[in-house]
Amino acid sequence: MKLIHLPMPLMATAIAYGMLVGCGSYAPPNESLVNSQASVRAAQEVGAQNNPQAALHLKLAQEQVDQARQLMGDGDNKRAEFVLLRAQADAELAVALAREASARGEAQQAQDELKSLKNGDHR
Amino acid sequence: MIRGLQIRLLAGVLSVGFLVGCGSTPPPKELIEARAAYQKAQAGTANQVNPAQVHVAKESLDQAEKAYDNSPGDAETRDRAYIALRKAQLAEAQAGMMVAERDREQAQKDLQSTQLAMGKKTERELETARHQLVSEHQALEDERRRTKEALDNLAKMAEVKNDQRGMVITLSGQVLFASGAAALLPAAMSALDNVVTALKANPDRSITVEGHTDSVGQRTYNMDLSQKRADSVRTYVVSRGIPSEIIHAVGVGPDRPVANNGTADGRANNRRVEIIVSPPERK
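Protein chains in written order, with the numbering used here: chain A, 1 to 123; chain B, 1001 to 1283.
Since the hints were derived computationally from the structure, they do not count as laboratory data. Any given hint might turn out to be false.
Rough simulated footprint, nothing fancy, chain B against chain A, three-plus residues with beta-carbon under 8 Å [as the list claims (entries may be wrong)]: (1) 28-38; (2) 66-75.
Just the calculated beta-carbon pair ranges, DEER-fashion [said to hold, decoys possible]: (3) B:E1059 x A:Q49: 29 to 35 Å; (4) A:D112 x B:K1148: 57 to 63 Å; (5) B:I1032 x A:Q109: 34 to 40 Å; (6) B:N1070 x A:N30: 36 to 42 Å; (7) B:A1043 x A:Q109: 42 to 48 Å; (8) A:Q109 x B:E1059: 35 to 41 Å; (9) B:H1055 x A:N30: 26 to 32 Å; (10) A:A42 x B:E1127: 53 to 59 Å; (11) B:L1133 x A:Q108: 40 to 46 Å; (12) B:E1059 x A:N30: 21 to 27 Å; (13) A:D112 x B:H1137: 55 to 61 Å; (14) B:A1117 x A:Q108: 18 to 24 Å; (15) B:H1055 x A:R69: 30 to 36 Å; (16) A:E31 x B:E1059: 18 to 24 Å.
In this text, all values refer to a predicted model and were calculated from it rather than measured experimentally. Every residue, glycine too, gets a C-beta built ideally from N, C-alpha and C.
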C-alpha cells in the first residue's frame, strides 16, 4: 500500500527492479542443491532405506532434488530453491527416523538381554 | 488532497477485498497437517526431551502461517507449510531417538549391575561350597582319626586280627565280667566304647558277638553264661548306637577254645568275647 505514496518514477523503478529480481535474475540455488544432496547422502549412510518410514522420506527427498534440477534447467530458480528446501527437510527427517529406529532396536536388544539374564537367574 | 483521499478510499476497499480473499482461501492440507504435527510435538514427549527442535518447528510453522496470511494460494505457502510439517516430525523423531537411547542406557546399566550382583552371588555360592567341602573333608578326617584312635586303644585291651570271618576283636573275659557274672564291669564299658567307635566307621557291616568260656563246670551252665555275656555286650553296643538289626549274639560255651584248658593261663585266654565284623554279603 505504501508504494502508492511514492512518486511515480520511483515506483516504476521499484516495480521494474522487483520484476527483475522476481523472475529473470533469481540466482540458481546452488548452495541449497549441495546442501540437500549432502543430506540425502547422510540419510543413505545411516541406512534410511532399511526403515520403511525413513525410506519414504529419503525417496521424497531424492525426487524433489531431481525436480529442482529440472526446474533449474528450465530457469525457474525460485521454485527450485523451495523444492530443494523441501528435499532437505525430508532428507533430514529420513536421517532422524533411521537413527530413531536403530536406537529403538538397540534399546530393545539391551532390554531383552537384561530380561533373559534375569530369567536365567530365577531358574 | 482530494486525490489522496480517493487513493486512501481505494486502499481501504482493496484491503477489505484482500481480507475477504484471505478468508475465502482455505488453508492448504500441508498447513493443516503442519499445525496438527506441531500441536502433537508441543504437547508431548518431544517438547520435554527436545524443546530446541520443537522451537525450530514453531518458527517454521510461524513462517508458513505468515506466508498463508500474505499469499494463501501460493506454491511457496504450501512449500513453507510442508517444511514446517517435516520440522515438527523431525522434532518427534529426534525425541523418539533420545528416549530410546535413554532406555538403552538404563537397560545396560541394569544389565551391568545385575551381572555384577550375579557374579557376587556366584562367588558367594562358590565360597560356601568350598567351605562346605573343607568342613566335610575335616569331618571325614576327624572320623578317620577317631576310628584309628579307637582301634589303637582297642589294641591295648583287646586282640584285633583279621581272619576269613572278617575282623575279629577278642576281649578278655576278665576285662569284661566278674567271675560267673554276665553284667559288664565298668572297665568293660570303655573298652566297648572303642569297639563302638570302630564299628560306626563300618556301618554296612554285620556283627556277631560270640561268648566263650573255659571248660570248667557244667557245659549247659557255660553255654547259658556265654549266651548271657554275649547278650550283655550286644545290648550295651546297641545302647551306644549300633543298629540292633546288624548285630546278633551267640553263646558258644567251651566249644571253641583258643588255648589249653589245662593251665590257668590257657583257661583265662579261653574266657573271652569275640566280636566279628563281617562284610555285608556274608551276613
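The hints, checked one at a time:
1. 28-38: violated (count 0)
2. 66-75: violated (count 0)
3. B:E1059 x A:Q49: 29 to 35 Å: Holds, at about 30 Å.
4. A:D112 x B:K1148: 57 to 63 Å: holds, 59 Å
5. B:I1032 x A:Q109: 34 to 40 Å: Taking Cβ atoms as reference, I1032 (chain B) and Q109 (chain A) lie about 38 Å apart, which means the hint holds.
6. B:N1070 x A:N30: 36 to 42 Å: Distance hint for N1070 (chain B), N30 (chain A) is violated at roughly 27 Å.
7. B:A1043 x A:Q109: 42 to 48 Å: violated, 30 Å
8. A:Q109 x B:E1059: 35 to 41 Å: holds, 37 Å
9. B:H1055 x A:N30: 26 to 32 Å: holds, 29 Å
10. A:A42 x B:E1127: 53 to 59 Å: holds, 54 Å
11. B:L1133 x A:Q108: 40 to 46 Å: holds, 43 Å
12. B:E1059 x A:N30: 21 to 27 Å: holds, 25 Å
13. A:D112 x B:H1137: 55 to 61 Å: Given about 43 Å between the Cβ atoms, the range is violated.
14. B:A1117 x A:Q108: 18 to 24 Å: holds, 23 Å
15. B:H1055 x A:R69: 30 to 36 Å: Because 32 Å falls inside the window, the suggested range holds.
16. A:E31 x B:E1059: 18 to 24 Å: Since E31 (chain A) and E1059 (chain B) have Cβ atoms about 20 Å apart, the given range 18 to 24 Å holds.
Figure legend: structure checked against the earlier numbered hints; hints not met, in rising order: 1, 2, 6, 7, 13.
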